[in-house]
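Sequences and hints are given; from them, build the entire structure.
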Amino acid sequence: MIAVRRFLPGGWLAAYAFLYVVFLYLPVIFLPIFSVNTAATPKFPLTGFTLHWYEDLPRTPALLDAAWNSLIVGVSAAVLSTLLGILAARSITRYRYPGRSTIHGLIMAPLVLPEVIVAISMLLVMLQLGLSLSLFTVVLGHVLVCIPYSMTVLTSGFEGFDRSLEEASADLGESAFGTFRRVTLPMVAPAIISSLLVCFTISLDEFIIAFFLTGTEATLPIYIWGQLRFAAKLPGVLALGTLLLVASFLLMTVAEILRRRAARRTQNEGGLYA
Amino acid sequence: MTAAAERSPPLRMTRARRNALLQSEPVQGLALISPTFIYALILLVLPILVVIAHSFWTQHYLTIDRTFTLENYRVALTEPIYRDLLRRSLYISLTVSVLTVLLAYPIAYFISFHGGRHKSLWLFLITIPFWTSYLLRVMSWKVILGYNGVLNSGLMGLGIIDEPSTALLYNSSAVIITLTHAWAAFAILPIFVSLEKVDRTLVEAATDLGDGPLRSFLRVTLPLSAPGVISAALIVMIPTVGDYVTPKLVGGKDGVMIANAIQAQFGKASNWPLGAALSVTTMLIVTLMAGATVLIIRALQRLAR
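Just so you know, the sequences run in chain order A and B.
Heads up: the first sequence at position 77 corresponds to 77 in the numbering used here, and the numbers run straight through without jumps.
Take any residue in the second sequence, note its place counting from 1, add 1000, and you have its number in the numbering used here.
Any given hint might turn out to be false.
[Claimed, not checked] Heads up, simulated BS3-like pairs for lysine-lysine below, C-alpha to C-alpha not over 25 Å straight-line:
1) Lys233/A x Lys1248/B
2) Lys1248/B x Lys1142/B
3) Lys1268/B x Lys1253/B
4) Lys1197/B x Lys233/A
5) Lys1142/B x Lys1119/B
6) Lys233/A x Lys1142/B
7) Lys1253/B x Lys1197/B
8) Lys1142/B x Lys1253/B
[As the list claims (entries may be wrong)] With the Cβ distance kept under 7 Å, some of the chain A side facing chain B (calculated, not the full set):
9) Tyr20
10) Val28
11) Val116
12) Val125
13) Pro221
14) Met252
[Unchecked claim] Counterexamples of contact, computed for chain A against chain B with all Cβ distances above 12 Å:
15) Leu71
16) Ser76
17) Glu159
18) Gly178
Just so you know, these hints were derived from the structure itself, not from any lab.
Glycine included, each C-beta is placed from N, C-alpha and C at the ideal position.
This is the structure we're talking about:
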């Protein structure tokens, strides 16, 4: 009886969960489907298979510029936000001090604020400070929104880190830096790489902040936004979008595998997905 | 040797005390977090203060008049266009957060209680679409709901409708559907975390004491997961009120939201103080709405017990 009761809700819920996952993936899957369709408008029935829209992509100079800009911004934002994330995550997981949770809350705040408001307030300050808008200002904005994600990944890697290992190393005569390099770093390296990948992906996909803070240079999402005005360009945009989807998917999968490895090393569960 | 040691205590004491201070937990912890903290102060707190300051100023073409005025707030709250946009934005964000929480709860429950060994695989499956570009996800809804889009052409192909329906795209329902999809995962995670914390023995105790599965769920599991429901609702409600991309791409004329008006003030209309006042008003009202939501959920939680 109990077994049946236990099974039944699970059964209904499992069906619901399956439908829900379909609902989550279905819209996204239409992008790759119509990016290899011969028709210029995305509608059923499909007219035929072609890679034509993909072949056009490398022949568009504006697109290549945008891709290069996105790469520069993404790498810079990932490195900077991971560095700031390491400091903050180490401080949060290792030390107790007054104001700790307030500071933590402030650093995590960009996660729950409307992006438009974050973007226009940064825009105002940058214009007041006389900074000219460029890829640099985009990086500054992206670092702010990446830090919370970097913190989440790194905290899950640092938490439960056995402090006695560091103490043992210090007792055995290693310097503070030597301990960090030879004991701490190897333990948390997967979490750091995971954070770099997560931040790069977020920066690569981020639109609003880049849209407000860039000068004349476009990143890939801004390029896509510009192309959306032209109905005839849609298949090319779908092809580019598909490539971005695949890139994000691969980066996040690697990041998650590394994060889990880091969490296992420090015997800790949870983090980005839990 | 001993004599030297006896003579030096005061010096060693102060140095020891200074070292102790430098090595004390609070100082080291604060020193370590300060670069990140200062970054957030300069690029988040300072900008928000600047926005608040601007909202009390006036713009004359290219110069800003810094005499204090409430005129911007009067315009933001009484001009019919802004009042309507605000009301619509709040309505959309409230609807979206209620929908996402209702849709997400069963999934979070399923993963937490029936996920078994595959919990993290499920979470990974559900979160992965959300690491793809937000812009692309909104774009795919445009492809689906458009006049010549997937849904219309699919329904016509199946013979369910004869001509494309115009009711699908460019209205506030399209915005609601798109946002509900876009924020689904963000609602699942906090609910899942709070369900994981529910003590399973309490559920068993309720069952042992004669509560059916539904009653024990309503009286034990649901109230205990209220914190997760609250944070899920807030995590969806606050950012969606200021969404810019979705109304712009799928909202059409009837789906315009307050963020589009704010952007216009910083762009074409070039009235920064009014844009700032609209931003501050939006944030204040959504905070009030969020606070009310928390109170209502807490009250329901007490009722359930």
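Check each numbered hint against the structure and report the violated ones by number, ascending.
-> Hints 4, 5, 7 are the ones this structure does not satisfy, whereas the remaining hints hold.
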